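J.: Listed here are the chains, written in short residue letters.
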Amino acid sequence: MFSPDPVHEPDASPLTTPRAGRLGLEEAWGEGVTGRAGAVAFALTRAAQDDPRPVVLAAPRPWVREHGGWFRDGLKGLGLADGRLLLVETRKEGEILWALEEVLKSRAVAGAVAAVDAVSLLASRRLDLAAREAAAPCLLLRTAAARDISAARRRWRVRSAPSAPHPDDDLAPGAPRLSLALTRSRGEPPGEWLVEWDDETHRFRLAAGLADHGLVPQGRTVAAA
Amino acid sequence: MGQAHADARAASPDLVTAPAEPERDAEALKALALWAERYSPCVAMDAASPGREGLLIDMTGGAHLFGGEVALLTDMTRRLAEADIPARLAMADTAGAAWALARFGKQRRIAPPGKTREALGPLPVPALRLAPEDVKLLSRFGLRTIGNLLALPRAGLARRFRGEAGLTLVRRLDQALGVEPEILEAVRPPPAWRVWRNFLEPVIDSAGVETVLNDLAPSLAEALERDGQGARRLALTGFRVDGRATTLTVSLSQPSARAGHLAKVLKERGLEHLDLGFGVDAMMLSAEVAEPLNPVQSDLDRGLDGDQALALAGLLDRLGARLGEAAVYHLEGRQSWLPERSQGRRPAGEGAPPPAREAPGLPDRPLLLLDPPEPVTALAGLPDGPPARFTWRRVTHRVVRAQGPERLSAEWWRPTRRNKPARTRDYYRVEDGEGRRYWLFREGLYGREDQREQQDVDGATELVSFPPEWWMHGVFA
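Top line first, the protein sequences correspond to chains A and B. Residue numbers for the first sequence follow my numbering, so the first one is 1 and each next one is one higher. Residue numbers for the second sequence follow my numbering, so the first one is 1 and each next one is one higher.
Be careful, since some hints might not be right.
Stretches of chain A that chain B covers, calculated by requiring three or more beta carbons in the stretch to come under 8 Å of a beta carbon on chain B [unchecked claim]:
{"no.": "1", "segment": "58-69"}
{"no.": "2", "segment": "153-167"}
Listed next, the in silico DSSO-like pairs over lysine-lysine satisfying Cα-Cα at most 30 Å (straight line) [claimed, not checked]:
{"no.": "3", "chain 1": "A", "residue 1": "105", "chain 2": "B", "residue 2": "267"}
{"no.": "4", "chain 1": "B", "residue 1": "30", "chain 2": "A", "residue 2": "92"}
{"no.": "5", "chain 1": "B", "residue 1": "267", "chain 2": "A", "residue 2": "92"}
{"no.": "6", "chain 1": "B", "residue 1": "264", "chain 2": "B", "residue 2": "106"}
{"no.": "7", "chain 1": "A", "residue 1": "76", "chain 2": "A", "residue 2": "92"}
{"no.": "8", "chain 1": "B", "residue 1": "115", "chain 2": "B", "residue 2": "136"}
{"no.": "9", "chain 1": "A", "residue 1": "105", "chain 2": "A", "residue 2": "76"}
{"no.": "10", "chain 1": "B", "residue 1": "264", "chain 2": "A", "residue 2": "105"}
{"no.": "11", "chain 1": "B", "residue 1": "136", "chain 2": "B", "residue 2": "106"}
{"no.": "12", "chain 1": "A", "residue 1": "105", "chain 2": "A", "residue 2": "92"}
{"no.": "13", "chain 1": "B", "residue 1": "30", "chain 2": "B", "residue 2": "106"}
Read the hints as simulated data drawn from the structure, not as lab findings. Values in this document were obtained by computation on a predicted structure and should not be read as measured data. Just so you know, even glycine gets a beta-carbon here, dropped at the ideal spot from N, CA and C.
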């Protein structure tokens, strides 16, 4: 099999869909509205890999008012057709936590992404347990600079990064890039990655050429040819 | 009745009067009708003559459930008295005869089956639900009781009156005797599947309701399953001791006949929403809408096995019951090329329409769409070029890369807000120095759409400058 770009993907990397021993609750801080949109894209595409069940995207109404509503054409660009995505919009933030737990306990979804800020330690423990039992990734999108303790197994920081060069037009933005930082994790070293959107596979991959520049701390380069 | 106020005051100076409130009367009657569903699923309101409102309850084949007809009427009388609702009750083969007996009957208000004619005989003519002028006419002929009328040859009876009146008289007689059927229009369409329980002691709290619900759900599930049906809409009705009913309804995404699920969805909806008042002494669980049980695949189920699809349907029901049915949804395409009109919400679990033809090779679109778009102050190098810098939500961004314009013409056939003419939009995908990507558009074309007509105070029309405006419409990942 030949692939034009060498695929840089350290196996069992935190970037891939969590499996087996790595399952559980994760949380992500997006920087600004664009960073949060990036975090949603990262979390949704990661949850939807290789699983026919729908993915849940939940947000309370105040969050939607500030960030804007989900745009169908943009979601399709991520490779998520209408039926794959189950959207939940609640009046209050508290209802999100309840809905998330129901979603995970039902075992009917491939994963869940939810915008929620106030999470108690107890609530996050319950979600962590439900996510592990359901074997479905669950990611909380957080906005406030939360200093609270939570039971999340991984904590991400997501930031927009200047896009890849456009193949035909120097003045236009190219493939979107995100800067991902794993700031806290149980049982794996923190790290920072620059990832780039791949329109063919509908997922983020490590930005080509940067893997050798020391940005991937524990990466191994796999070249498929 | 029908007397002028002044005349009435002259005849009886101590008269206490109150203005008539027909709307509140109708409301109260409806509340009572719903309460009466504890006896039969078919309860009709009779509000034809103001001041003489009543209820007609179809008890066909149902009296034995309450210990016979006498026990039934005794039970009704007691409960209504306890609720302080004055009422006169009667029972007969036909609605017309029961109506007559309830209002004009002397002692025995139960006409035994087949003895309607005898029971009606001594009653006065107004008991036939006739207009007052017809009653007056009959009394002029000396016909004062129904017995008088029944003694006359039927054919002649109709001919004695001019026009409609004769026909009405004969029809009312026939209805009372059961010769002509009378269809009762139920206050709510009676559910085909329902189960209920009466209790000796009223239930006064949600915990008690939950116990009853756990008891009712298996019976309803069994009834539904026997017919190969599943509930799509459930109603739990409590009959209150004060003569009112309280109902909690919930929709299901898939027809279900599983007792545990039916009970769980109602509990999720919130049993505390039932207004129990001073307690309920009967409860009914009914499937208001039911559909065949063989599952129909929705687009959401595609690729799922049976257990997964079932788990998903259960999840949608629980979420919908607690959060409201509109809270859980899919996006679907709409016929419009304006981004904010190009999509709509469809409650999850509802059947999807056939997928619309979509343009292949979608251009880059943002993940989040601001609706309505937010105003932006922008500075462009060229009047019709991309912005060089812009300020949105008080932060100024310097644009390093931009792609566009992608031109979307106005949908001129749609009305616009504040009578502003619809203008062309030029969309740009821009990226600032930090790599943040936004979707901006300039509304209005220079040289073509930058002026508009305005009427001044005198009604004269003049052209005023209406420069193009910049808007923030979306955020890219």
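J.: Hint by hint, which ones does the structure fall short of?
T.: Hint check: 4 and 6 fail, others pass.
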